[in-house]
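*Asks:* Residues per chain are reported as follows:
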Amino acid sequence: MRTIAPNFSFAPIISILRAFFVVAVLVGITSACARNTVGEGNATPGSQQEFLVAIGDRVFFETDSSVLTAEGEATLTKQADWLFKYSRYKIVIEGHADERGTREYNIALGARRAAAAVNFLVSRGVSANRITSRSFGKERPVAICNDISCWSQNRRAVTVLN
Amino acid sequence: MKNQSTRRLASARMSSRRTLLKSAAFGAAGLVFASPVIAQLRIVVSGAQFTPLPIAIPDFASSDPTFGREVADIVRANLRRSGLFSPLDSSEMVGMVGDVQAEPDFAQWQGKNVDAVLMGQVERGQQIQSSVRVWDTRAQVQVEGRSLATDASAWRRIAHIVSDAVYTSLTGESGYFDTKIVYVAESGPKANRVKRLAMMDQDGENLQYLTSGNSLALTPRYSPVQAVLAYMNYDDGQPQVYLLDLATGQQQRIGSFGQMTFSPRFSPDGRSLAFSVEAAGTTNLFSMPIGSGNPRQLTNSAAIDTSPTFSPDGARIAFESDRGGQQQIYIMDAGGGGAQRISYGQGSYSTPVWSPLGDLIAFTRTQGGQFHIGTMKPDGSGERILASSFHMEGPTWAPNGRVLMYFSDLGGNDGPRLYSIDVWGRNLQQVPTETFASDPAWSPLLG
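Chains as they are written, first to last, in the working numbering: chain H, 1 to 162; chain X, 1001 to 1447.
Hints should not be assumed to be uniformly reliable.
Partial selection, computed: residues in chain X whose CB lies under 8 Å from chain H [said to hold, decoys possible]:
1. 1195
2. 1214
3. 1215
4. 1218
5. 1256
6. 1257
7. 1260
8. 1272
9. 1276
10. 1278
11. 1281
12. 1326
13. 1364
14. 1393
15. 1412
16. 1413
Derived contacts from chain H toward chain X, CB cut-off under 8 Å, selection only [claimed, not checked]:
17. 62
18. 64
19. 80
20. 81
21. 82
22. 102
23. 105
24. 109
25. 111
26. 115
27. 135
28. 139
Keep in mind that the hints were calculated from the coordinates and are not lab data. All values reported here derive from a predicted model rather than from experimental measurement. A virtual CB, placed ideally from N, CA and C, is assigned to each residue, including glycine.
Please model the entire structure based on the sequences and the hints provided.
*Replies:* Structure, rendered in structure tokens:
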């Protein structure tokens, strides 16, 4: 039987360093973009833009996990408060997975992540009637690259306002 | 005395390269699984020593010589691609055409070092008719003589049917050339890629697109008994399983169960589907006689249970579940219950697909940051990894259970491509497609 031995070398360290570098660059770019396009203070209260900029439309997950992180819960709490205030919106929660899993499993995993976000919002008082959810598995990545830094951006549940 | 004569008989048989091909190609599989440790060595050795059978295939005799050459070209290409045959180069057969009336000049063919000769003729009429004879040039006997026909509208099929007949006569196994491959054709930027179903002959010809691309279409599965696909489409917003009749182009949802239905697979008689149903984040397995609208729940857990696949006798279902913490392969009764885990290696195991022969289950394994395609016996023993890369998944079996196709990509902005490999880990080949391609599904022999 063929065994698949882990390849001990400095490659992982280099790739981790590279990952940090990529993250740093990405953060730089995104914050620069944010400044250029949508100033935080300018969004109309109750607008989709405000939801995107001031509240945050997405939460992220660990590999293979659908457990909300503390940061994710904080974002969803802000979403719940905002949705309570602006009750005209219905929402769709879209669950996604990174590309490091198989297709069918990822469709199920995306659904499980969406369900975690839905359950949290409902527990914070958002009416279940206002929420639908669906999974895109790994079919709709936002970040395209070959390393961990970007896979983590794809493991997400996104709240879309209708 | 008796032993001696048996032995002499056996050695006489072994002198025929034809018999050698059978044992090298297929007998090896028996050895391999007898003992996994030795087996792996064994297959590598036999893989290295394996020599494809040299076969001469002159252009087919025909009142339209161009047609006769085209048919022979397709047969030569099919047999070469199988990895089991080495067709003689056409430059060695200039001016020759098949002669199905007379015995071939064995000395001449032996002089060209070929062990088999295929003589064929083909004519177009209301139907396309072909007669072929396969000769063993060493034993100087006819191995096969057949008259074959196909519909005039699909002329390439005659070459595939002939290829299957030759493959069967020289290996003792059924072929896989007269088949279709359905796959997901992918185009556009990765973040918003168009994914639609496409279908082609197994050699890449006669490409057709089956869905528009307006919605994501994934995981096609070909019915083992008729020209019907089950697949998943986002047409209604939620992923749902549809049945698509390839003859009429008609399609319909299998029903409305839970929030989404996905990962369909036909039963061996084509009359039922097993599939996953997701509700509130939980994914369980169901099966349903097609058209009944009345699914039966097979699993009931908080885990993700998906990728069901029937044993060829229809009695059992293999599937993947993360009920133990990560994806592993389990087998249960087709009616549900009695699930036993069969995969125990490091990493995760997913997408089990039962061979039509029943002897092996193909899977995707993720371990050490790599994806692997492998096979194991249904009791979980005899695991073999056939191919590995940054990302590969989604194996599908050729109808003879001897070749696997799957998709693989390099990551980043690159896209997936289809590959085929035989069950001995030999003959890895990219399958040419017009676009990026994933989720291949091999049809049964069209027959």
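*Asks:* Looking back at the hints listed earlier, which ones does the structure fail to meet?
*Replies:* 2, 3, 5, 6, 8, 17, 19, 20 and 21
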